[in-house]
Amino acid sequence: MNCISTFQLVRGPGLSLSCLPLNTPSTPPQHPALFLAATPGSAALRPPRASQRDAMDLLCVPDEPSAPTERCPYVCVEAWDGGVYRMYPQRKGRSRLVPTGLRQIPDVPTPADQPFLEELYPTPLEELQPFLQTWLFFGLVAEFLGLNEVAPGVRLVDERDAAREIALLYEECVREDAGVSYLSGAAVLAKSPLVLERIKLAPDKVQRLVYLRQCLYYSVMMLHLMRTDLDYRSRNSIAALGELFSTGMHVAVTLAQPPIELPVVGQSWYRDYFKPGGALEAQMLRGGWCPSEIEKIRSQFQGVFTMHYMSRLRLGGRHGRHDACSLHACRAFQMDIDTYQPLHAGGDCDCAHVEVDASRSVSDILRSTGSYPVIRVEQSADGPDGPDGPDGLRLVAEPWTPGMPYVALSHVWADGLGNPNRNSLPRCQMALLARMTASVQEQAQPDQTGRGAPYRLWVDTLCCPVDLAGKLVALQSIADVYRQATHVLVLDSSLAAFTSEGAHPAELLLTTFGASAWMRRLWTLQEGALGNSLYIQFADRAVDSSALLLQLFEAGREDLRYLRMWQDVMTEFNQLQTRCAAPPSGETSGHTPPPLVYLQRALHYRTVSVASDEPLCIATLMALDTGYIAAAPDAEGRMVRAWELLSRAHGGLPVRIIFFAEETLDVPGWRWAPRSLLGSSVRDPVMGIDERILRFAEGGVDTTQKDRGDRGQARAGMPTPLGWKVRLPGCRLVPKPHIQGLPLHPWPDVINPVEDQLLLRDEAGRWVRIFDWYRSRKISVWTREERLGYDRRMDGPLCRSIDTGSCALIYDMPSTFDQTRTCLMVQVEDVGSGDMQRAALDLGGETSLRARRERAVMLAQLSDVEAKFMDIMAALACRIASDEVTQGLLSIQDRSSEAWKEGTAKVSTRIKEVVKESWAAHPEMERAVRESLGPDLEDYIWVMIPKLFSHHVAMEELPSEQMWFVD
Numbered sequence: 000m001n002c003i004s005t006f007q008l009v010r011g012p013g014l015s016l017s018c019l020p021l022n023t024p025s026t027p028p029q030h031p032a033l034f035l036a037a038t039p040g041s042a043a044l045r046p047p048r049a050s051q052r053d054a055m056d057l058l059c060v061p062d063e064p065s066a067p068t069e070r071c072p073y074v075c076v077e078a079w080d081g082g083v084y085r086m087y088p089q090r091k092g093r094s095r096l097v098p099t100g101l102r103q104i105p106d107v108p109t110p111a112d113q114p115f116l117e118e119l120y121p122t123p124l125e126e127l128q129p130f131l132q133t134w135l136f137f138g139l140v141a142e143f144l145g146l147n148e149v150a151p152g153v154r155l156v157d158e159r160d161a162a163r164e165i166a167l168l169y170e171e172c173v174r175e176d177a178g179v180s181y182l183s184g185a186a187v188l189a190k191s192p193l194v195l196e197r198i199k200l201a202p203d204k205v206q207r208l209v210y211l212r213q214c215l216y217y218s219v220m221m222l223h224l225m226r227t228d229l230d231y232r233s234r235n236s237i238a239a240l241g242e243l244f245s246t247g248m249h250v251a252v253t254l255a256q257p258p259i260e261l262p263v264v265g266q267s268w269y270r271d272y273f274k275p276g277g278a279l280e281a282q283m284l285r286g287g288w289c290p291s292e293i294e295k296i297r298s299q300f301q302g303v304f305t306m307h308y309m310s311r312l313r314l315g316g317r318h319g320r321h322d323a324c325s326l327h328a329c330r331a332f333q334m335d336i337d338t339y340q341p342l343h344a345g346g347d348c349d350c351a352h353v354e355v356d357a358s359r360s361v362s363d364i365l366r367s368t369g370s371y372p373v374i375r376v377e378q379s380a381d382g383p384d385g386p387d388g389p390d391g392l393r394l395v396a397e398p399w400t401p402g403m404p405y406v407a408l409s410h411v412w413a414d415g416l417g418n419p420n421r422n423s424l425p426r427c428q429m430a431l432l433a434r435m436t437a438s439v440q441e442q443a444q445p446d447q448t449g450r451g452a453p454y455r456l457w458v459d460t461l462c463c464p465v466d467l468a469g470k471l472v473a474l475q476s477i478a479d480v481y482r483q484a485t486h487v488l489v490l491d492s493s494l495a496a497f498t499s500e501g502a503h504p505a506e507l508l509l510t511t512f513g514a515s516a517w518m519r520r521l522w523t524l525q526e527g528a529l530g531n532s533l534y535i536q537f538a539d540r541a542v543d544s545s546a547l548l549l550q551l552f553e554a555g556r557e558d559l560r561y562l563r564m565w566q567d568v569m570t571e572f573n574q575l576q577t578r579c580a581a582p583p584s585g586e587t588s589g590h591t592p593p594p595l596v597y598l599q600r601a602l603h604y605r606t607v608s609v610a611s612d613e614p615l616c617i618a619t620l621m622a623l624d625t626g627y628i629a630a631a632p633d634a635e636g637r638m639v640r641a642w643e644l645l646s647r648a649h650g651g652l653p654v655r656i657i658f659f660a661e662e663t664l665d666v667p668g669w670r671w672a673p674r675s676l677l678g679s680s681v682r683d684p685v686m687g688i689d690e691r692i693l694r695f696a697e698g699g700v701d702t703t704q705k706d707r708g709d710r711g712q713a714r715a716g717m718p719t720p721l722g723w724k725v726r727l728p729g730c731r732l733v734p735k736p737h738i739q740g741l742p743l744h745p746w747p748d749v750i751n752p753v754e755d756q757l758l759l760r761d762e763a764g765r766w767v768r769i770f771d772w773y774r775s776r777k778i779s780v781w782t783r784e785e786r787l788g789y790d791r792r793m794d795g796p797l798c799r800s801i802d803t804g805s806c807a808l809i810y811d812m813p814s815t816f817d818q819t820r821t822c823l824m825v826q827v828e829d830v831g832s833g834d835m836q837r838a839a840l841d842l843g844g845e846t847s848l849r850a851r852r853e854r855a856v857m858l859a860q861l862s863d864v865e866a867k868f869m870d871i872m873a874a875l876a877c878r879i880a881s882d883e884v885t886q887g888l889l890s891i892q893d894r895s896s897e898a899w900k901e902g903t904a905k906v907s908t909r910i911k912e913v914v915k916e917s918w919a920a921h922p923e924m925e926r927a928v929r930e931s932l933g934p935d936l937e938d939y940i941w942v943m944i945p946k947l948f949s950h951h952v953a954m955e956e957l958p959s960e961q962m963w964f965v966d
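Position 203 (the sequence shown) corresponds to 202 in numbering that gives the first Met the number 0; numbering is contiguous.
A hint or two may mislead.
Result set (BS3-like, lysine-lysine): computed pairs, CA atoms no more than 25 angstroms apart in a straight line [unchecked claim]:
#1 K735 <-> K946
#2 K905 <-> K915
#3 K274 <-> K777
#4 K867 <-> K915
Derived by calculation from the structure, the hints in this document are not laboratory data.
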């Protein structure tokens, strides 16, 4: 199916901003994709009932929500004053509430004597929440209605009229029940035509839209940079209002003629709606949601309206419990192929299996015709005692030929439609599948008389041989099976629990694309991605997904909340339909697969029961040589071949892949490559989907690098027999004792240090902090026992690596936010001539390094205050190293003796004395410790000397285009 983008679907013919209301209820947009979607089968879909459209508040819910939506308390203590929107804190003497990130806006000055101190001295919630509700809710509504000053003394609406409308706004939006006041946004939904009328009052309509966009940006930043302990009901009401206006802005700008170009500004109103560990997440878990489903919604949908609607969905049939599931993996779908049995259509049925007619086997068709088998279901006339059984079903396999219509079934094996042992299904299931196939044909051709030959069907259980050799042959044509299908029919018991008749398209689509087992299995990804026409089987019938999308879009034209949901669903639909679509059979020459970011996004939340199937699915989706990959003996061998072909197809792989890899292959030369792209296949995940996608983003590691002819692969790596060949900047880490002849660790046992960081010095003398990336990610979720256990097992891994003298860092691009840099810690050796000959490489005399991957680390430069403090501490460490107490300790051979204990005690006493003297002599030490570590630490900082300053570690920079072979 062709990609239907948001802008293509929204844009209509000849509409202008001067005449367009935000909720346009007129003709569907004239776009060919929509005419394709508006098939006759869509005529049976009914528009949503009025009760579904006329929601009582901003956050709409399904007809039968799984939980009520809590009312938002009205907490304002003063009314909105109608002044300049973004200057409200200054007018109220609360400029200290404006975060640092919003203080650089030229036309919104903030008094310098009121710094942002909320983190240190937070405003009490009973003061903060009324202030924010007045400003970010009532003030924002007033702004879009043109009731505020646009500049001091400048208005679009007369001041007295504006004051009356603001007072009326409070009457409309504040409700009372049992003496309690609460906030309602229902009245705002009807004001979109008035918003457009007020925009037309501005002398420059485009500048007015730009200003409104700036107000929205300011609001969303205030909401997110403010404290996280706001009442979630108040926060969500503001977020819903902001999203409503943002969606309306998007529609108005998109439909404007001539087109309007506005600055691109991110407005993530949805952030923190599904707060990890929050009340909403707990409610959904109690309702039967899998933790990974919630995480998928949190990371892949970007609408508050979408998220809230989904949180109130009633779930259909579920596969088992989710007690053993994690944020990235659902275990409820996992199957044991050895014990798997096909299920009957009814719980009390025990009918016999029906097999494909033996006159021509599916294996014979696959091997001898150059095509693939499809099944013709015949109704025999032999009667109940005939060879075809009581219902006369006979299954005939025949080779597909161009023009032969058939339905390809896409099903979840956990529903019982698979059979790993033979090409058969229970007769009851086969009869049901035949009826479903016929029903799809009836819906797709409702006005045709004499529809011609009945649709054939294809289902893997019947059409793929069960023997390994036959499976490999069938895999060669699997992409064509779904690409050439007249329709693909989605079968999922969780969807079949819902009746489509009269249901809102939002409920059907969000259940399908956000909460179904079908969207979570790996094999069904390619089945949905390659099909041209996707039907979804519900309890009463199958429905064309394109028709549902069109209906949701039409609902969105009348109600912007549904348009925001439509945008989210379209993102998922486009991801499914186009992002990973392979080219038609025989047309792979010159084909470049889609970027790997799309593949990673599509695979992350999928699961598979057999690990070796993942590279086969990747091959199908990315148009790789399936036979070559399948011929590998095991899962790791197949994944090696998948990475090999992906690299060849893309002309290399993005460099960041080596920095963000949780679990890699254990194959020489390939130990840099991720073992899996499925979040469910990672045993100990520490990366979310954003970081997994980021590692495949195209672009450089260092903006100072320039392409240099055939050395311009600085931003891509290539696999070789020696490892992953890549050009990246880096440095060697050289450990040096304080005094020549002194060991690197002259004070063992003085303390029992935990390695949470190390300190290095670069060639310019700047102090740099380095810490373990994995440990930094796990520290917030580990128990104390888990953390201590990890530290005991690892025993200072960074220090041990550096102490070898062969340690190096490979640099990633520094963060634009705080200049923190991800690095790969490796052990290196020079590449010898013998290595190059064995690998058939010619480096032209260039010095290159073989690097054995150890771990990802983070590198951060210390502040000036910290650096001065570290200078003092390093000097004190040198002083202790040359002190006689150090020499005395090192002269003791038996580390279990009393003499050793006395020696370590003398060293610790001497360190404390030296630090105390320095503290008294250098007042800046106290300031540096207070600002960087905290107050009242005078008696504890001595431990930093044996912990962080036992020796020096120097960073010796390597060329900016250093050649590495990473393994």
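Going through the hints against the structure:
no.	hint	result
1	K735 <-> K946	16 angstroms, holds
2	K905 <-> K915	15 angstroms, holds
3	K274 <-> K777	19 angstroms, holds
4	K867 <-> K915	17 angstroms, holds
In summary, this structure violates none of the numbered hints.
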